[in-house]
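There are 4 protein chains.
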Amino acid sequence: MGGLNMDNKTEQESYKLVSREYQRQDTQIAIKENIIDSNQFHVIAGPCAVESKEQILETAWAVKEAGATFLRGGAFKPRSSPYSFQGLGEEGLKYLAEAREETGLPVVTEVMDVRDVELVAFYADIIQVGARNMQNFFLLKEISQLGKPVILKRGQCATLKEWLMAAEYLLYGGNPNVILCERGIRTFENYTRNTLDLSAVPALKDLTHLPVFVDPSHGTGKRELVAPMAKAAMAAGADGLIIEVHPNPEKACSDGRQSLNPKDFALLMQDLRRLAQVMAREMVQKE
Amino acid sequence: MGGLNMDNKTEQESYKLVSREYQRQDTQIAIKENIIDSNQFHVIAGPCAVESKEQILETAWAVKEAGATFLRGGAFKPRSSPYSFQGLGEEGLKYLAEAREETGLPVVTEVMDVRDVELVAFYADIIQVGARNMQNFFLLKEISQLGKPVILKRGQCATLKEWLMAAEYLLYGGNPNVILCERGIRTFENYTRNTLDLSAVPALKDLTHLPVFVDPSHGTGKRELVAPMAKAAMAAGADGLIIEVHPNPEKACSDGRQSLNPKDFALLMQDLRRLAQVMAREMVQKE
Amino acid sequence: MGGLNMDNKTEQESYKLVSREYQRQDTQIAIKENIIDSNQFHVIAGPCAVESKEQILETAWAVKEAGATFLRGGAFKPRSSPYSFQGLGEEGLKYLAEAREETGLPVVTEVMDVRDVELVAFYADIIQVGARNMQNFFLLKEISQLGKPVILKRGQCATLKEWLMAAEYLLYGGNPNVILCERGIRTFENYTRNTLDLSAVPALKDLTHLPVFVDPSHGTGKRELVAPMAKAAMAAGADGLIIEVHPNPEKACSDGRQSLNPKDFALLMQDLRRLAQVMAREMVQKE
Amino acid sequence: MGGLNMDNKTEQESYKLVSREYQRQDTQIAIKENIIDSNQFHVIAGPCAVESKEQILETAWAVKEAGATFLRGGAFKPRSSPYSFQGLGEEGLKYLAEAREETGLPVVTEVMDVRDVELVAFYADIIQVGARNMQNFFLLKEISQLGKPVILKRGQCATLKEWLMAAEYLLYGGNPNVILCERGIRTFENYTRNTLDLSAVPALKDLTHLPVFVDPSHGTGKRELVAPMAKAAMAAGADGLIIEVHPNPEKACSDGRQSLNPKDFALLMQDLRRLAQVMAREMVQKE
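Heads up: the protein sequence lines correspond to chains A, B, C and D, in order.
Using my numbering, the first residue of the first sequence is number 35, and each one after it goes up by one.
Using my numbering, the first residue of the second sequence is number 35, and each one after it goes up by one.
Using my numbering, the first residue of the third sequence is number 35, and each one after it goes up by one.
Using my numbering, the first residue of the fourth sequence is number 35, and each one after it goes up by one.
These are computed hints drawn from the structure, not numbers from a lab.
Treat the hints with care, since some could be wrong.
Heads up, the list lumps identical chains together, so a pair's fine if it works in one copy or across two of them.
[Said to hold, decoys possible] Capping the alpha-carbon separation at 30 Å, the derived lysine-lysine pairs in BS3-like fashion look like this:
| # | residue 1 | residue 2 |
| --- | --- | --- |
| 1 | K256 | K195 |
| 2 | K182 | K285 |
| 3 | K285 | K175 |
| 4 | K285 | K128 |
| 5 | K195 | K128 |
| 6 | K66 | K256 |
| 7 | K175 | K297 |
Kindly generate the complete structure, drawing on both the sequences and the hints.
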């Protein structure tokens with residue numbers, strides 16, 4: 035697979051390689067001993083931003099013990115205002131790699147700048163494309179050259195069709211290892227940070243063969259809503275979750291309001307394991 | 035409870051009686067032998083519109099057998115265009131009462147016109163206020179005079195706060211038996227008819243003591259998304275569901291596209307019963 | 035005209051009588067010596083709510099002197115919260131009639147309850163249907179029985195098509211004297227109270243023969259944005275405006291934040307008269 | 035000006051240098067003999083995409099004759115689908131430069147990739163940052179290093195505050211020559227491609243000293259709505275417009291549906307000149 039034999043490259047506003055018609059069986063993505071598909075259920079956990087070596091190591095051990103199979107953390111964090119914390123950069127990537135070395139958890143981290151694609155790919159096991167870059171087509175083209183798995187977050191005001199066309203850029207460029215991640219859309223409702231569109235999960239399962247994850251942390255922006263929405267995501271048929279966990283959410287450099295502490299994360303993981311049995315999903319526990 | 039001892043009636047833009055601060059314990063609503071609260075889980079099922087005596091009876095028996103505990107059906111159906119089917123009116127109410135007589139299922143039906151409140155209340159066990167009337171304050175005031183349980187659907191572009199203020203009209207007028215029902219909000223995404231905002235469920239559980247139901251049929255507008263979103267609603271903590279079931283969805287006078295047939299509904303009910311065990315919810319099966 | 039010879043009453047989701055195809059020439063509505071059409075430009079002004087005889091009289095004289103041709107004021111004001119000011123009711127209607135008696139300005143006021151339609155029609159020269167009632171089909175049917183002109187505001191999340199179908203209810207019921215009024219839609223942007231969709235004006239001019247007004251007061255919710263958006267509405271091709279004016283906005287019972295004082299309103303009217311010359315619009319000044 | 039003396043760089047979620055409090059007088063941007071400010075009114079016109087030397091030259095002469103003072107055209111056009119026309123790249127930039135050479139019109143063109151910033155800056159008189167890149171902070175940082183004027187389009191679901199924070203990145207990095215351009219936001223209404231938020235114009239005039247332009251072509255997506263919304267934008271207080279003009283809209287490689295032909299553009303320019311007199315705006319006509 036991979037966009038080699040396209041026969042209608044000029045077709046406007048469409049996708050092909052990502053569609054369920056093009057490939058009936060679910061895409062399987064192997065990352066070390068983990069298989070991302072519709073049998074296993076994976077939880078990616080960690081802080082929004084890597085803040086220090088101690089913080090990322092402490093979090094890594096905690097989420098591993100609770101049952102997470104991947105570690106997440108942001109090294110590049112340019113945010114809405116130029117006066118906000120902008121991330122540790124390559125230093126952050128190195129801390130992530132150390133945490134992987136120690137805990138064995140593969141690492142998920144975001145790339146935002148085309149010039150950093152090689153650098154991030156060197157350290158990451160899964161490259162994340164954030165919501166703001168879902169239609170950064172130059173970045174998608176660059177990433178599509180790598181075989182490395184990509185998690186493509188939905189843009190804040192992207193339709194399902196636009197999202198699938200963005201994924202098409204990755205497959206068309208040669209990279210079939212794409213995971214979609216619903217993370218909330220912008221609506222008039224401002225009680226929550228975004229409106230988590232869980233109906234996107236079964237809709238995407240009809241439209242595409244790609245795995246679908248959900249990020250209830252960004253999707254709600256409120257810690258107390260993360261656990262119920264994580265369970266709802268699994269019940270809706272999601273293949274995995276991305277959850278923000280911070281050893282001390284009140285002191286987080288960014289997004290503390292939506293981060294779980296390790297204890298609440300561990301309780302959620304217990305609930306998810308019980309739910310997984312009903313949903314016929316396997317949740318691997320690392321040793 | 036019930037709006038008798040209000041001390042700040044002049045306060046602008048607020049709610050009081052519906053809030054969790056005002057009443058910590060969950061509201062319990064007894065309808066015949068059914069208790070709507072946070073222990074039991076109830077499914078209200080039936081067609082969008084009552085079309086004939088045969089149609090409503092057939093549906094009533096089918097949904098009862100599958101495990102629904104309430105029958106729904108619309109008698110007054112004025113819709114977006116004056117040229118669409120407008121409902122059977124009082125004749126439809128009589129058919130619903132006959133179906134209740136035969137099956138024992140209590141009946142849920144909508145009132146839209148203040149002049150019909152007494153008539154609908156005579157036939158219905160639960161009065162439904164639809165999304166378009168959530169802020170029809172004259173209708174709310176009229177219904178608040180009755181003790182009869184009310185299911186108040188969320189307006190298509192209502193914030194949680196506006197919804198709670200609308201519920202406040204009912205409690206303030208003297209009717210504490212109010213059930214809230216999330217049914218999707220209007221957003222830019224048009225793959226689904228509405229965007230089902232499941233995060234409203236745990237959010238409302240924090241904000242109010244009233245029971246919270248979910249309508250995945252209107253919330254998605256697509257039959258194939260109803261079952262996954264029904265399960266997700268239960269996992270998110272909902273107290274019940276409203277689901278459109280029609281003996282022959284392709285021939286329905288309205289909303290056939292989002293109705294389940296009796297067989298698919300029965301399969302969904304099986305899944306819900308298994309999920310209920312994990313969620314510590316009781317689902318009563320009528321004999 | 036008037037819905038007498040409909041040949042496809044069963045057609046779903048459509049409108050006919052309001053369409054430009056059905057009637058090419060613009061609808062003209064005569065109210066006393068005023069003609070609402072695409073030649074004249076009318077400004078309806080007054081407070082959100084009638085608060086007292088003095089308040090409405092003072093406002094009526096002030097807006098007349100500035101050049102308004104209609105007086106507006108709300109008598110029934112049930113609002114989001116039951117604890118907010120709910121209006122003076124029939125007393126308010128009487129004060130409006132007195133103000134008309136004294137100033138000669140015809141009166142625009144809202145009806146919300148089907149049971150009040152006759153009462154409001156007795157006092158009003160133009161009946162207003164508010165945004166929340168745009169799809170209150172029983173109210174529309176009742177009003178359609180009267181020949182009295184109606185101003186139909188756009189629902190907060192109504193598409194142009196839904197709005198036109200709501201207007202169709204009025205024409206189909208026999209009332210051709212319908213004015214549409216854009217008043218802002220609900221979007222993610224919360225700097226303004228609503229997002230005034232001025233593109234609706236030229237779009238409606240293509241789709242329908244009905245006059246189109248704009249309400250920049252509700253449309254923005256901010257006094258300082260009213261004048262620029264009023265001018266923009268005229269430049270976009272609107273046939274008139276509804277503007278909130280209060281003798282003392284800081285003390286208004288409702289919506290003071292978006293009301294102009296008489297002095298600023300008079301300045302705006304001067305600007306509009308100059309703009310009207312460029313736009314080939316006639317603005318009648320009453321003596 | 036330019037971010038040199040920031041005293042609270044750590045402040046979260048805020049802007050400073052772009053605010054009206056920080057600088058009361060309007061920013062003036064000089065580009066050759068043109069001054070962009072609140073006295074003059076400038077129209078930037080041209081095709082969505084540069085398609086050939088002939089096409090851009092023909093358009094340049096036509097829009098100049100009609101009174102446009104800047105020529106626009108896209109050289110890099112990666113779009114929603116990888117199967118759509120992706121632009122001519124540097125060749126397109128050269129054609130733009132030739133058109134400037136011949137007509138004297140300064141050139142506006144978009145940069146999307148950080149690696150192209152120097153290249154685009156070499157050819158362009160004004161660099162455009164498109165809606166999808168409004169929060170591409172690495173691109174903003176790169177552009178902020180140049181003194182070259184920038185036109186920063188509003189993101190499709192960006193609030194005014196987020197937009198101003200994005201502009202703050204440019205000023206903070208040292209580039210004060212920033213023009214904001216409203217181009218429509220994404221809402222539930224799909225009759226238009228986007229909902230043009232003209233209230234953003236007077237709102238921004240209160241909040242910031244930067245010039246504000248409007249793009250009614252992308253803002254509506256429909257040719258027939260461009261002229262009324264262009265006039266409305268001027269009446270709302272905009273400092274200029276960006277309008278898509280194509281010699282043969284039906285054959286355009288992209289966005290033909292929203293492009294004016296040269297004749298309709300010339301008629302619009304006449305209307306704008308008459309309106310400019312009422313709005314006390316100067317429209318310079320090049321020889």
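Legend entry - Enumerated hints in conflict with the structure, sorted upward: Hints 2, 5, 6, 7 are the ones this structure does not satisfy, whereas the remaining hints hold.
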